[in-house]
Amino acid sequence: MKGGLGREVVFRIPDDEYAPSSPTAIGIQGGRFRYAADGLLGGKPGAKSKFLINGVPKDSGALNFANPGDVITFYNPGGGGYGDPLERDPELVESDVINGYVSLEKAKEDYGVIIDPKTMKLDLEATQRLRNAMRGK
32 MKGGLGREVV FRIPDDEYAP SSPTAIGIQG GRFRYAADGL LGGKPGAKSK
82 FLINGVPKDS GALNFANPGD VITFYNPGGG GYGDPLERDP ELVESDVING
132 YVSLEKAKED YGVIIDPKTM KLDLEATQRL RNAMRGK
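First residue of the sequence shown: 32, per the numbering used here; consecutive thereafter.
It should be emphasised that the hints constitute simulated quantities derived from the structure, not laboratory data.
Even for Gly, the Cβ is constructed at its ideal location relative to N, Cα and C.
Accuracy of the hints is not assured; some may be wrong.
Stated by the list, open to error - Here are the simulated distance ranges between beta carbons:
| # | residue 1 | residue 2 | range |
| --- | --- | --- | --- |
| 1 | L135 | A56 | 33 to 43 angstroms |
| 2 | P54 | P88 | 36 to 46 angstroms |
| 3 | L135 | G35 | 13 to 23 angstroms |
| 4 | N163 | L135 | 36 to 46 angstroms |
Claimed, not checked - Below, a list of computed lysine-lysine pairs in the DSS-like style, where the Cα atoms sit at most 30 angstroms apart:
| # | residue 1 | residue 2 |
| --- | --- | --- |
| 5 | K152 | K139 |
| 6 | K79 | K89 |
| 7 | K89 | K149 |
| 8 | K168 | K89 |
| 9 | K139 | K149 |
| 10 | K168 | K152 |
| 11 | K89 | K75 |
| 12 | K137 | K79 |
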């Protein structure tokens, strides 16, 4: 049906009177940078972790350096999905879109759910047609 939610952590190295006097060393480790969490019972795998400095992807296994004013971003994934995403209740997917947990694109691509981008309302008939097509019916 769906996996656990991930999170995004963003911070900036101070560039004012609290700025470090030399570059800041950043070292992070974790298996989720290389391997996504498996899905269960037809669920899709989760995402992989990402680590960026000023929007540029960095190697999580290396020691990286950031300067004052640099923006550090970590994307920490949730778990893999549980169950066939096409079996998830379309109204729950609609709620996830409205609450910002799932994008309109992913609602359609992963769950086969059509939501009108102007009204943010579920189109149940279009959803059923898309899901049937995705299932090969």
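Which earlier hints can't be squared with this structure?
-> Hint check: 2, 4, 7, 8 fail, others pass.
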